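For the record, the sequence lines run as chains A and B.
Plus 94 on top of the position in the first sequence (first one is 1) and you've got the working numbering.
Plus 1 on top of the position in the second sequence (first one is 1) and you've got the working numbering.
I should point out that these hints are in silico values taken from the structure, not numbers from a laboratory.
Predicted model, so just to flag it, every value in this text is computed and none were measured.
Take every hint as true, because none was put in to throw you off.
If the Cβ cut is set under 7 Å, some of the chain B residues that face chain A in the computed set are:
hint: 1; residue: VAL94
hint: 2; residue: ALA96
hint: 3; residue: THR100
hint: 4; residue: LYS115
hint: 5; residue: LEU135
Heads up, the beta-carbon is just placed ideally off N, CA and C, and yes, glycines get one too.
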Amino acid sequence: MIKTTFKAHPIMILRLMKPYLFILILPLIRALIQYITKGEINGLLALEIIAFCFILAIAILRWRSISITVNDRYVTVKKGFLIKTRAVIEVSRLSSVSLKQNIFDYIFRSVDCEVNTEAGTPKKSDFSLKMHINDAKLLFKLIYGEEERQTVKFSAYRIALLAATTSSAASGIIVGVPIINQASDLLGVAISDMLLSEINNVSSRFNNIFPPIVNTVTIILLIAYGVSFIISFIKNVNFKLKSGKDGVEVQSGIIVRKRIIFKKSKINNICFEQTPLMRLIKKYSMRVSVGGYGDSKGDAAVIVPIATHKELEEQFAEHFPSFEVNGSFIRPLQTRFNLNRFLYIPALLALLILGIGAALMIIFPYFDRLVLFLMVVALCVDGYYASVCYHNYKHGGLNISDCVQASGSAGFTVRELYCEKNRIGVIKISQTPADRQFKTCKIKITVRSENADSVRVKNIDTSTVKNSLREQFELNIDE
Amino acid sequence: MTFALPKKTQLLWQMRIVFAFALLCAAVAFFSRYTLWFLLPAAIIATLGLGFAFVYMPFYFKSYKITVDENSISITKGVIIKTIQIMPFPRLVFAQSFTTPLSAVMKMKCVMLKAARGWMLIPEIENVNADYLLDNLRVKPND
Numbered sequence: 095m096i097k098t099t100f101k102a103h104p105i106m107i108l109r110l111m112k113p114y115l116f117i118l119i120l121p122l123i124r125a126l127i128q129y130i131t132k133g134e135i136n137g138l139l140a141l142e143i144i145a146f147c148f149i150l151a152i153a154i155l156r157w158r159s160i161s162i163t164v165n166d167r168y169v170t171v172k173k174g175f176l177i178k179t180r181a182v183i184e185v186s187r188l189s190s191v192s193l194k195q196n197i198f199d200y201i202f203r204s205v206d207c208e209v210n211t212e213a214g215t216p217k218k219s220d221f222s223l224k225m226h227i228n229d230a231k232l233l234f235k236l237i238y239g240e241e242e243r244q245t246v247k248f249s250a251y252r253i254a255l256l257a258a259t260t261s262s263a264a265s266g267i268i269v270g271v272p273i274i275n276q277a278s279d280l281l282g283v284a285i286s287d288m289l290l291s292e293i294n295n296v297s298s299r300f301n302n303i304f305p306p307i308v309n310t311v312t313i314i315l316l317i318a319y320g321v322s323f324i325i326s327f328i329k330n331v332n333f334k335l336k337s338g339k340d341g342v343e344v345q346s347g348i349i350v351r352k353r354i355i356f357k358k359s360k361i362n363n364i365c366f367e368q369t370p371l372m373r374l375i376k377k378y379s380m381r382v383s384v385g386g387y388g389d390s391k392g393d394a395a396v397i398v399p400i401a402t403h404k405e406l407e408e409q410f411a412e413h414f415p416s417f418e419v420n421g422s423f424i425r426p427l428q429t430r431f432n433l434n435r436f437l438y439i440p441a442l443l444a445l446l447i448l449g450i451g452a453a454l455m456i457i458f459p460y461f462d463r464l465v466l467f468l469m470v471v472a473l474c475v476d477g478y479y480a481s482v483c484y485h486n487y488k489h490g491g492l493n494i495s496d497c498v499q500a501s502g503s504a505g506f507t508v509r510e511l512y513c514e515k516n517r518i519g520v521i522k523i524s525q526t527p528a529d530r531q532f533k534t535c536k537i538k539i540t541v542r543s544e545n546a547d548s549v550r551v552k553n554i555d556t557s558t559v560k561n562s563l564r565e566q567f568e569l570n571i572d573e
Numbered sequence: 002m003t004f005a006l007p008k009k010t011q012l013l014w015q016m017r018i019v020f021a022f023a024l025l026c027a028a029v030a031f032f033s034r035y036t037l038w039f040l041l042p043a044a045i046i047a048t049l050g051l052g053f054a055f056v057y058m059p060f061y062f063k064s065y066k067i068t069v070d071e072n073s074i075s076i077t078k079g080v081i082i083k084t085i086q087i088m089p090f091p092r093l094v095f096a097q098s099f100t101t102p103l104s105a106v107m108k109m110k111c112v113m114l115k116a117a118r119g120w121m122l123i124p125e126i127e128n129v130n131a132d133y134l135l136d137n138l139r140v141k142p143n144d
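Here chain B stands alone, though its shape is the one from the complex (with noise of 0.2 Å):
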């Protein structure tokens, strides 16, 4: 069973990262009151969230490909550099949902899957996915 991530995901890491670069590009732009200098890099910056958020992130995600089948988990990302994360489910040691404040609002959870020196990581997902996963990746065939 393939599938691939909801456009929520999308929207609630670009809500993410426009917070995050605003309140950076404030900081610096605070500096703009000893030398208007400071405005270059606040602009820098700006652009480079703007950018991240609106045209590195959308083919980020959309590269998002997570695969369950009987024995394994894999997930494949990345739009430079594109990976593959396998899991075996016998190296499953156990399965943790996280959710904030923002992603409880859109009913949202992030899934990470626990292994002995390892970990992989699934961006939020719809709450009944997550539970879904929590639920039944750990009653796979283990060793």
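Next comes chain A alone, as it looks inside the complex (with noise of 0.2 Å):
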């Protein structure tokens, strides 16, 4: 039997001091400078110092007592000195392993190593430690074994491709924002009023029918867009996929590369996704939910970056054939009343904004071209919900067999899921009044999982669905 155990690589130090980044190193180190350059010192210095070493001591003494063991059974970590854990994990109930490395992993030779479960906190490792790469290889190797796999490589077009449709404003705003504060703090300039003042500057010089708050907003929100682009895309770059007959390993990024592996088997779901944006280029990403894969909202395991729906279909055949679903497909009925049915809440959503965008001029005529603004904003809204809609009367459905395929969408985005049997938590069937007469529900498929990832299909026939589920889950629903 191998037993190996493994230790933290020395700059695991750093990462559990990160916390006090910004409160006690950096200041420490500007007083330092400011001592050596002009020869002043800081009231606060002597204590700061003190803190320092204390904080020092405490994450040597944690780092120490980092372990990782593996055996061909079990993987057990230990940590803490204080509190101490240890925690057992059973090769099989893993998730999956993924290794981050950042420039200065790069330097130093090491590597930040995740074990996930599905027993985690959702978006969260479960277990994260800093590891020598040597080390993390060889944990890889004893977990996961060795074998054959097929690789995939993606163009830094269709990465840009991924990063344009799956950026988007709010989240540069979340990530650069902070950056800017911090970056003012530090330098002692306000940054964020030059900027400002900037793209007002900017919005200004621009001359159409909308009040200059709107274009302002809009530069605002294009420049949250652009970083947010950046980042993604640099994340996702060189992204390649390695499929084999039970693992898939997928790597990515220039400036922080990111491995992750996990089993075949441990694959809740896998869904081909349409964002808004990809609505536009009529393409697909292909992901699958893995326990405890990710460490923030943007890390969804993407398998095929961006393609077209029969490219997908043919990579979901040949790396998933155990997914393939060989039931009847339950689809709404193919009729002019039936689209109707579909379509009526955008009509009537469409109408409503009409009104309420003409009742607001009337009212207000100062703010006009504001209201006129916001009514096209919301009018555009209302026409990708319209299209979803379609898309959901024309292509949504329902197959259900030893796997599940259901097609649909979850808010504004068309997804098609995939999943085994057994792996359904939940099954919501409604029906409204209008369902009652027509002999129509509505079915809610939600997968059981860390993410819960769920699709809505509308509008099809009630007793199929129950003859189907009753088949399939050997339930007792009344008709």
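Two chains, two separate frames, one set of hints: put the complex together.
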């Protein structure tokens, strides 16, 4: 029986001290530089040095206490020197193991190793430690063994498309604003004020029917979107998919290199997804849901960054044959009347937007251009919603066999979900008065996993769905 | 197999509770230098702490029953509201033990059993029993 124990890399000390970077370490460095260059001593310097030494000592003790032991059946993780913890995980219960390497890691030959299971906090790895690169490679080999894997590379163009279609101004703001604020504090310069005045200056040069505030907000959102795009591109560029008989390995990134490996048997579900921007260029991405994978919202386990539906189907059949469905596809009735049932909500919303917009223009004539702009934005969103509804009518449906296929939407994302029958967590059937009259129903399928991915399929025949559920899940459902 | 918590667990938690309430009581009593009225909440806190540690906790720990069978582990506990928590072994993902300086001195460990979106906590038990649980729970039949 092979048994190997790995200790954490010394760079782990720096990681353990990272939370104190802005409140202690950087002010201390600044005070020391001030002392060396100007000969001035900050009144708090002695206290800061004592606190720094204390935190450093704690970090060293915590680093010394971390270890990971692997044998052919179990992974044991030990950590803590005051409160000691020991976790024992069966190898078969591991969801995924990922390695991340940034520039500092590259210099010091270390790597950030994350061990994930289904039992952790959502969007957070269960165990994370810095290891020596060679130790991490050996750990990978001990846990997942070695097998021949076919490599698929994706071009920078495709990654740029993925970044462009999945980035959002909101994530750009979330990342960018704290950086600007921290930089302003450290340099003692009001960078945000400078940026805002520059944006105001630029936006005043545009002459269009919309008021200046619209230009300013648009420029801010475009900059935020650009930031998000660059981050997403750098994170995903150099994307490689290695698929073997049992395992899947995904590599990506230049500055921060990421490598994740998991067994195909640990996949909860596979999704073909289309974000609003992807819908404009008629492309999809394929992602898998693996327990514990990812430490932030944007870290979906993307398997194929961007491709047409046909290309995705080919990749799906090649890499995940066990997920193929073989039952009959239950879809909404393809009649003009049923199409109207799918489209009446966006039509009503459009009328409502036009009505409210007209009323606001009459009540507040001074703000007519702003109201017009907001109306145009709302109508665009409603138009997109109508296109999703049309997609649900044309391509939505459900197929229940040993594997389940559900095509529909989740919010504004068009989604096609595949999973094994025994991975389904909740099946929710709902009927509005209209559904009861036309003997149709809405069905929501939620996967039993950390991500709890779900899809909603609308207006399909109730008795066919219930028969299918009775047959496959041996359920006792009333007519 | 059904077992209860050892007496030492109760003692450990009584020490922790008394220490926590003593700290809180001292913090409130500190303000009595400004007005003696602060002694009243300090006295209430001290009474509550003592009552909690020496009246409620003995009943609470006495109510603890841990049952391990072929398929699952279940914990029954509660004085006023009784709860039964059951974890089938196929749902168990991993087991984790915790040792604090005080529990280390008393040679005890706390065990946490983790499942997807849920967990079960067994308060401090003897080191030998905790290690036995950690080493044996995970080899139960899984799906």
